[in-house]
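The hints should help you fit chain D onto chain U, whose structure is shown.
Chains as they are written, first to last, in the working numbering: chain U, 1 to 435; chain D, 436 to 937.
Check before you lean on any hint, since a few could be wrong.
[To be verified] Example chain D residues on the side facing chain U (calculated, C-beta under 10 Å, incomplete):
| hint | residue |
| --- | --- |
| 1 | Ile-450 |
| 2 | His-453 |
| 3 | Gln-495 |
| 4 | Leu-525 |
| 5 | Leu-557 |
| 6 | Ala-559 |
| 7 | Leu-585 |
| 8 | Leu-669 |
| 9 | Leu-901 |
| 10 | Pro-905 |
| 11 | Gly-907 |
Hint data in this document are derived by calculation from the structure and do not stem from the laboratory. Don't be surprised by glycine CBs; every beta carbon is placed ideally from N, CA and C.
Take a look at the letters that make up each chain.
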Amino acid sequence: MLTNEAVLALAPDAASAKAARGLLAPAQWPLRGADDRAVWGECQGSGSKPYQTQVDLAGPAFRCTCPSRKFPCKHGLALLLMRAQDGTAFAAGPPPAWVTEWLSSRAERAQKQEARAAAGPQAPADPDAAAQREAQRWQRIEAAGEDLSRWLADLLSQGLGALNPAAVATWQTMAARLVDAQAPGLAQRLREAAACVGEAHERTLARLAMLQLACDGLARRHALPAAEQADLRTLLGWPYERADVLARGTPVSDHWCVLAVAQDEREPRLTERRVWLHGQRSGQRALLLDHAFAGKGFEQSWVPGITLDAALVFYPSAAPLRAVCDSATVRDIASLPDGCDEWQRVAERVAANPFVPLHPVIWRDAVLVHDDGWQAVAGGRALDLAIDPADAWALQARGGGRPLHLAGEWDGQRFTPLTAWAASAQPPLWQRGAS
Amino acid sequence: MTAWSALMPAALVGIDRHAGAWPPRGPWPEDVVALATQAAGPTPHATGLLRAAAVLAVVQQAAAFGRPFVATLPPHAGDETLPAAAPEPLQAWLLREGPVRTQQELLAVVARNGQRLPAAWLPAALELGRRHAALRAPVAAVLGARGAWLAAQRDDWRWAVGTDAPDLEQRWPDGTLEQRADALRRLRELAPAAARERLAAALPELPANERADLLAALAVGLSGDDEALLEQALADRSRDVRQAAAALLLHLPASAFVGRAIARLQPLLSQERALLSRPWVIEPPADVGPLDPPRPKHEPLGDRAWWLYQAARQVPLAWWARHTALQPAELLAWAAAGDWAEALHRAWRDVLFMAPEPAWCSAFVRHWPAGAGRDDSARVLALLPLAEREAHWQHAVASEGLSDALLAQLDAGCPPPQHLSLSLSQALHAALLQRLAARPLSQDWLLRDALLPLAGLLHPAVLPALHALPRGDDHSPSAGELLHSVQRIAAARATLYPRTPS
Chain U
1 MLTNEAVLAL
11 APDAASAKAA
21 RGLLAPAQWP
31 LRGADDRAVW
41 GECQGSGSKP
51 YQTQVDLAGP
61 AFRCTCPSRK
71 FPCKHGLALL
81 LMRAQDGTAF
91 AAGPPPAWVT
101 EWLSSRAERA
111 QKQEARAAAG
121 PQAPADPDAA
131 AQREAQRWQR
141 IEAAGEDLSR
151 WLADLLSQGL
161 GALNPAAVAT
171 WQTMAARLVD
181 AQAPGLAQRL
191 REAAACVGEA
201 HERTLARLAM
211 LQLACDGLAR
221 RHALPAAEQA
231 DLRTLLGWPY
241 ERADVLARGT
251 PVSDHWCVLA
261 VAQDEREPRL
271 TERRVWLHGQ
281 RSGQRALLLD
291 HAFAGKGFEQ
301 SWVPGITLDA
311 ALVFYPSAAP
321 LRAVCDSATV
331 RDIASLPDGC
341 DEWQRVAERV
351 AANPFVPLHP
361 VIWRDAVLVH
371 DDGWQAVAGG
381 RALDLAIDPA
391 DAWALQARGG
401 GRPLHLAGEW
411 DGQRFTPLTA
421 WAASAQPPLW
431 QRGAS
Chain D
436 MTAWSALMPA
446 ALVGIDRHAG
456 AWPPRGPWPE
466 DVVALATQAA
476 GPTPHATGLL
486 RAAAVLAVVQ
496 QAAAFGRPFV
506 ATLPPHAGDE
516 TLPAAAPEPL
526 QAWLLREGPV
536 RTQQELLAVV
546 ARNGQRLPAA
556 WLPAALELGR
566 RHAALRAPVA
576 AVLGARGAWL
586 AAQRDDWRWA
596 VGTDAPDLEQ
606 RWPDGTLEQR
616 ADALRRLREL
626 APAAARERLA
636 AALPELPANE
646 RADLLAALAV
656 GLSGDDEALL
666 EQALADRSRD
676 VRQAAAALLL
686 HLPASAFVGR
696 AIARLQPLLS
706 QERALLSRPW
716 VIEPPADVGP
726 LDPPRPKHEP
736 LGDRAWWLYQ
746 AARQVPLAWW
756 ARHTALQPAE
766 LLAWAAAGDW
776 AEALHRAWRD
786 VLFMAPEPAW
796 CSAFVRHWPA
806 GAGRDDSARV
816 LALLPLAERE
826 AHWQHAVASE
836 GLSDALLAQL
846 DAGCPPPQHL
856 SLSLSQALHA
866 ALLQRLAARP
876 LSQDWLLRDA
886 LLPLAGLLHP
896 AVLPALHALP
906 RGDDHSPSAG
916 ELLHSVQRIA
926 AARATLYPRT
936 PS
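Okay, chain U solo, but in the shape it has when bound:
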């Protein structure tokens, strides 16, 4: 059963969470029902016909007849909130037809998907042409790598001290050339380097140096082991197809504990979601990275603190982290994994693939301290936090200044807390954005 916080964490944005809290009056729900598989209800909207809202608890997955573009919409969230509050207020009888139809269509779709996966990936229409296209893309990218390397050398010959905003603006031209050469990942890193010019020259130099490292890797691509070649390809912004990953990789079955879920607006109308998992038996960490366009939802919701039985297939990498999950079933409320080798994990991952942008980290027994900015202090060491003030105050209120276990993302400079536990055996007491 989901807690209030867990339900609110599923909200696509703060406004939806807010709106859902305002829909909890029982009188607005002439019909409410639930069984082991699903929760459903009819919510009296401003029109004359009520909205039909339903949640498949296996996901949880949501569906509602309201016109909202948000996913899940406020009605679905409100339904789960009410259930978290008082399960007895829901009628126990058999679900109405509009619920059973949807549930069986979902089951059917899942079956079809399984069958497709079992049949293996479809062979490309013309394997030779595909291979040729691929070779052409590599050629273009390798040329762009040489171009970038020369550009970097020119830059360092003149010195970073002379850089001014006008000079940095010309970096955009180089970034555009990289996009044209189908290496958007490199362009992205160049733009990030441009963004930190003037902050600290050391950081600019470090970012440019990492680009040089990418160029060097590209130049001796064929000499690299397959896993590192795969990391190089990811770095270029040339991702593997999900179907390919599923077809080629070996599934890793485990009890996967959801450490944290981060949802960020990447561009207008594009939402990126990162789900961080920890395998209870394998000790492995995993990232499920998804995107949703135009407020459309994600197929499956993930709730921090819950363990799922799932088989993950990892993307090829020297430091496997990103994975795809085909189907998962909720197991129980997890206890936070123990162990204190967090920074060893980070070091090993960096050694295997220095281009990993975000590392999952559990920062145990941390006390929040704020003066100029927020920090989390544990064992005599402080991490600078990247945290919204409202989230920070909510976390401070829940924690009361006592040590908390924080799970979040480490980008090499700052730590973004996403989930907090007061003790490892309890459900999380705070999640980012659910305050």
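Only chain D this time, still in chain U's reference frame:
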């Protein structure tokens, strides 16, 4: 000196101008030096510099685990003495977005139950108090140890800190104005003379607004012993302070201040000789001399009326009834028929607010004088004990139904966190149904504005009935939206009274 210092000179001025020692070598561990040397190559060049920097960047990333923290950790929150209220989601909504009246009701209910707010709500509650000064005391009362600890960490929440400190000695010198006034009122309850002396000692050093506010705290336990200090305050530089002193002296009928005021007025009030009755007449002096306070520029009253207004507002209302043997309602009618109606009505109204008298309140509400400002009727009602106020409304709803005037009075006349009695609420609900039946909500603009406040006022036992308000043929989204909001308030308030029989 950082790990990067060995690379920065060449990187900043350009490798062509400044190669420095090559290969670059910083204060690095030996194997890092070896890697960087290998990456940089034998001769100075830009790409070699970048490669050495890449070694350093990767090593640094791999080695990171925060900075040393040597300061003492801040203290954590103290142990709670009160149990936490259950975190009811509708109440969480209320605290963030509900109407202020119902927020105040929520805070009062939590305090009455001897509970504190759940930890998760504390930031929202402190933000609420930051925005609404009226909610600060009720918020501070239910913060618990955790909330007080949290509030102390932010300048704009610090108002909430210290109100729990029992020690008056601490709060008198250091507290905010609100806290000092509160401390003074509490001390007045225990030791009126000590409180007066403390105030008298502090007055000369305070700014005018603080002098006025703290002086007003003497209302608690006011007695003839306070007269000397109040007389002194009548000569204060600030009009507000003089006003506050006069308001308090009105409560002391034996004071010299009241005596002087009566002596000024009494000779002007006389009885005419007539055939059957001996009507009272009042006539201000023909030459009133220099006016104090001066007559404002756009004041509708003339010089003599202004003089009378000022003289009459220093006389307790009880004197008029005693002196003339007329009832308050009769006096209002008498004044209305005379030449000085506006001056007298305004003076009486002012005195009523400074020193309320229930009989006069009722008279004012029933026979509201034309010149005394219509908007104040609800405020006058609020001066009455709730039972008398309700009797008035009960009478009004029985005779006129749910009138616009009644709707306008209810909200201001029932100060939060109180709500209306069950019998009045039932009568109002019945009248509401009648009004809805007579006119659809879409055409009844006044009711649309008043419906939501009404949902915040009714007795908890009537709340379930609000879920079934008839919508009639009105399918407009705005009407649906309004009924939703009404239901939401009703549902949120119902959670505050879980054991109320419905």
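Hint check results:
At a threshold of 10 Å, the smallest CB-CB gap from Ile-450 (chain D) to chain U is about 6 Å, leaving the interface hint in force. At a threshold of 10 Å, the smallest CB-CB gap from His-453 (chain D) to chain U is about 8 Å, leaving the interface hint in force. For the restraint placing Gln-495 (chain D) at the interface with chain U, the shortest Cβ-Cβ distance is roughly 7 Å, inside the 10 Å limit, so the hint holds. Of the supplied interface hints, the one on Leu-525 (chain D) holds, with its beta-carbon coming within about 5 Å of a beta-carbon of chain U, less than 10 Å.
A hinted interface residue such as Leu-557 (chain D) counts as satisfied when its beta carbon comes closer than 10 Å to some beta carbon of chain U; here the least separation is about 4 Å, so the hint holds. Annotation: Ala-559 (chain D) was flagged as interfacial toward chain U, and the flag holds, the nearest CB pair being 8 Å apart, inside 10 Å. The closest approach between the C-beta of Leu-585 (chain D) and any C-beta of chain U is roughly 6 Å, which is under the 10 Å cut-off, so the hint is satisfied. Because the beta carbon of Leu-669 (chain D) sits about 48 Å from the nearest beta carbon in chain U, more than 10 Å, this interface hint is broken.
Given hint, Leu-901 (chain D) at the interface with chain U, holds; its Cβ is 8 Å from that chain's nearest Cβ, closer than 10 Å. Of the supplied interface hints, the one on Pro-905 (chain D) is violated, with its beta-carbon coming no nearer than about 14 Å to a beta-carbon of chain U, more than 10 Å. Hint status for Gly-907 (chain D): violated, given a least beta-carbon distance of 12 Å to chain U, over 10 Å.
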